[in-house]
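Trainee: Take a look at the letters that make up each chain.
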Amino acid sequence: MKKNFWKRLGKRVAVVALAAGAAFTLAACSNSSSSGKDVKITILQGKVENNKQFKQIAKEYEKSHPHVKIEVTSIGGGTQYDPVLKTRISSGNAPTIFSLAGPADVQQFKAHEADLSDTKAAKAAQPGTLDAVKTGGKIVGLPFNVEGYGFVYNKKVFEKAGIDPNSLTTVDKLEAAVKQLDSQKEQLGIKGVFALPGKEAWIMSDHLLNPYVAQDYNGNALKLYKSKKMAFSKNADMKTMLDLQKDYSIKPVMQMDYSAQVNQYFSQGKAAMIQQGDWIYPTVEGIDKNFAKNDIGMIPIPVPGEEGKLPVGTSLYWAVNSQKSTAEQKAAKNFLDWLYTSKAGKKDVVNTLHFVPAYKGYDNYKMSDPLTSVVFNYSQKHQTTGWAFPGYTGTSWDPDVAQPNLQKYLSGKQSWDKTVKNMTDGWAKQQNK
Amino acid sequence: MKNRSLSFWLFLTPTLVALALVVFIPVIEGLFYSFTNWDGLTFTKMVGFQNYITLFHDKAFINAFWFTVGFVIVTVIMLNVIGLGLALLVTQKFKGNNFLRTVFFMPNMIGGLILGFIWQFIFTQGFQALGDALHMNWLQNWLTNETTGFWGLVIVTVWQMSGYIMIIYIAYLQNIPNEIIEAAKIDGASAWQRFTKITFPMIAPAFTVCMFLTLSNGFKIYDQNLSLTNGGPYNSTQMLAMDIVNTAYNSANFSLSEAKAIVFFVIVAAISLVQVAYNRKREEDL
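Chains A and B are the protein sequences, given in the same order. When you read off a place in the first sequence, starting at 1, and then add 106, the result is the number in our numbering. When you read off a place in the second sequence, starting at 1, and then add 161, the result is the number in our numbering.
To be clear, the hints were calculated from the coordinates, so they are not data collected in a lab. Computed from a predicted model, the values in this text were never measured in an experiment. For glycine and all other residues, C-beta sits at the position ideal for the given N, C-alpha and C. Be careful, since some hints might not be right.
Unchecked claim - Taking lysine to any residue pairs in the SDA-like style, the calculated list, with each CA pair at most 20 angstroms apart, reads:
#	chain 1	residue 1	chain 2	residue 2
1	A	Lys297	B	Asp293
2	A	Lys357	B	Gln281
3	A	Lys399	A	Lys216
4	A	Lys357	B	Ile214
5	A	Lys539	B	Ala221
6	A	Lys539	B	Gln301
7	B	Lys220	A	Asn528
8	A	Lys539	B	Gln281
9	A	Lys519	B	Thr309
10	A	Lys535	B	Ala221
11	A	Lys216	B	Val184
12	B	Lys220	A	Gly532
13	A	Lys352	B	Asn306
14	A	Lys357	B	Leu202
15	A	Lys376	B	Asn306
16	A	Lys514	B	Gln301
To be verified - Covered by chain A, according to a simulated footprint, are these stretches of chain B (three or more residues, beta-carbon under 8 angstroms):
#	region
17	196 to 204
18	296 to 307
19	361 to 375
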């Protein structure tokens, strides 16, 4: 879900991205002279942080498959990705392979999604990972990877305080530990136990909200997407966790953004733990390589009823454009199968992209960094809960209702009861239109 | 009308074509889409005025509208007062006035986005540190609520644009013939009288231009808003332009966004035209 970070940053870099895209298209036009047998597939995808790696993999594939040409374009996630894809489609320049962020996208691009149930990758996908992209008996998406989040902690701080982070399996135990850490702030050299970024509403509305609404939908994003009512029966548990993070966070909470949370505070050892996911690893590594490699780990957020389980899910899926020629569609499917099920492809998935695979057949692989290893281990042991939030991230409820209301609560402008009521009412209003 | 010959149209065509391609056609297309349920890709039906009805019940839009109106009133006044003040200052005869002109104009050379980020740092880090050191509460927690977000935006806009407004006033100030001022001096007019009775009427056209620029700029502002507050917290500092962009790209409601954009266009055009017409008339009266 780093994509959500890009959702915010996306707009700021959109101009650059568009310019780069235009330059790329021009460049592509100049060498389009190919013989009749060759197939060219174009990829437009939303995981912009892996742009370089995807291009490298495409080159590698071209070498081993001389009749296929692959052109990769990456657009900075979420908000900016959809308009670009729409523009490409309406201007007759639709990509062969594109990415989908969840049920709302599946619905939006229905006319362009080919059935992928006959691919090897779809058959190898781990149970549950395809739930959000099944529609009308078809499978229209293949997961990029799985990602997981929880509390990313600073090992040294916990060691110094004599607390074993893996023992913090219940809310009470976590609370006691947080209070202890808070009382020893100065000895431990931290500014706060948590760093809660009040500016990045999606950290609350997507990741923190998820385990508390997901229980009502078995962690199934599609079920949530189709529901007329949001029960949100566990809202009191969410309040406890949000208050805990808020009260023991570095202040002021409402001034903190993603880069303050991850770069400024956590990576420099100023916070004991932050609520984040495995996608922050490259950022932390960029600031302090040794710290990232040796001193960080991740534990699940203790959620009553689901203790010891890590929320693991998929933020993006591959889709193949059904309006392209059969040959092109076939080449696209072959490429995706190669990437996720062949030996060379698997190696790239794990070692080049640093993806936690969403597919079976990766038993002998080892993840390369401590955070993805945690996600990989939890998913191998099946100690996971699903991501239900992609069921609402593509809808206007997320930015228009959930995020402002949660921020109002955090600023002390609104009671929790009112916040919950506004959120559930807003959902009902949107779903019953 | 006789000179509207072939060459007249020949010279006009490139501009007309360019305008049609990037302005007229998109506006007409947008107007059409605002009556449909367009999602950015396709539309399935015409919905009449539904989008326009929805937008007048849209709390976010109404909120953004009043926030923008407040912002425009404050910035128009401050920009013109400060811009004119700076212009009067640097047209005085003293050493270094050219240097000062450059300094005052400089913020305008920095792009709005970058400026927003720079000021975000000043507001959150600089103000915070200053507030801690001086024990002044009002310097702390900037940009975390609507009030500080509003004044943050005002400060950045005024800081950036007053140099530009200053340049326009300078141009007109320098056009005032010295003889008139000298004549007034001889007649015994005080400095204040010279300013109100001579300088001010003589630069009335500058006032029209600057009012227009500051008004339309205030309504259309987006990049500073994006980089400084991004509409937050809880969308309270979201201005009209940002609300329109977010309705389209965050909420994927393209047709409603088109309707909002049309309403926005009408409001800005109407206010700007009325203002120009009024000031033109006043210019003649003076």
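Trainee: Each of the hints needs a verdict: does it hold here or not?
Mentor: Cross-check of the supplied hints:
1. With a CA separation close to 16 angstroms, the supplied pair A:Lys297 and B:Asp293 stays within the 20 angstroms bound.
2. A hinted pair counts as satisfied when its Cα atoms are at most 20 angstroms apart, and A:Lys357 with B:Gln281 qualifies at roughly 16 angstroms.
3. Under the criterion of a C-alpha separation no larger than 20 angstroms, the hint pairing A:Lys399 with A:Lys216 is inconsistent with the structure, at around 42 angstroms.
4. Of the supplied pair hints, the one linking A:Lys357 and B:Ile214 is violated, its CA atoms being roughly 42 angstroms apart against a limit of 20 angstroms.
5. Straight-line distance between C-alpha atoms of A:Lys539 and B:Ala221 comes to about 18 angstroms, which keeps the hinted pair within the 20 angstroms bound.
6. Taken as a hint, the A:Lys539 and B:Gln301 pair is broken in the structure, with Cα atoms around 43 angstroms apart against an allowance of 20 angstroms.
7. For the given pair, B:Lys220 sits about 13 angstroms from A:Asn528 by alpha-carbon distance, which is consistent with the 20 angstroms threshold.
8. Taken as a hint, the A:Lys539 and B:Gln281 pair is broken in the structure, with Cα atoms around 39 angstroms apart against an allowance of 20 angstroms.
9. Between A:Lys519 and B:Thr309 the CA atoms are separated by roughly 15 angstroms; this keeps the pair inside 20 angstroms, and the hint holds.
10. The straight-line distance between the Cα atoms of A:Lys535 and B:Ala221 is roughly 16 angstroms, inside the 20 angstroms bound, and the hint therefore holds.
11. A hinted pair counts as satisfied when its Cα atoms are at most 20 angstroms apart, and A:Lys216 with B:Val184 does not qualify at roughly 32 angstroms.
12. The straight-line distance between the Cα atoms of B:Lys220 and A:Gly532 is roughly 13 angstroms, inside the 20 angstroms bound, and the hint therefore holds.
13. At most 20 angstroms may separate the alpha-carbon atoms for a hinted pair to count; A:Lys352 and B:Asn306 meet this at roughly 17 angstroms.
14. A hinted pair counts as satisfied when its Cα atoms are at most 20 angstroms apart, and A:Lys357 with B:Leu202 does not qualify at roughly 44 angstroms.
15. Taken as a hint, the A:Lys376 and B:Asn306 pair is broken in the structure, with Cα atoms around 25 angstroms apart against an allowance of 20 angstroms.
16. Restraint check for A:Lys514 and B:Gln301: satisfied, since their Cα atoms lie roughly 19 angstroms apart, inside the 20 angstroms limit.
17. Given a C-beta distance limit of less than 8 angstroms, the hint that chain A covers the region 196 to 204 of chain B holds, as 4 residues qualify and 3 suffice.
18. Coverage of the region 296 to 307 of chain B by chain A holds. Counting CB-CB distances below 8 angstroms, 6 residues qualify, and the rule asks for three or more.
19. Counting residues of the region 361 to 375 of chain B whose C-beta sits closer than 8 angstroms to any C-beta of chain A gives 0, which falls short of three, so the coverage hint is violated.
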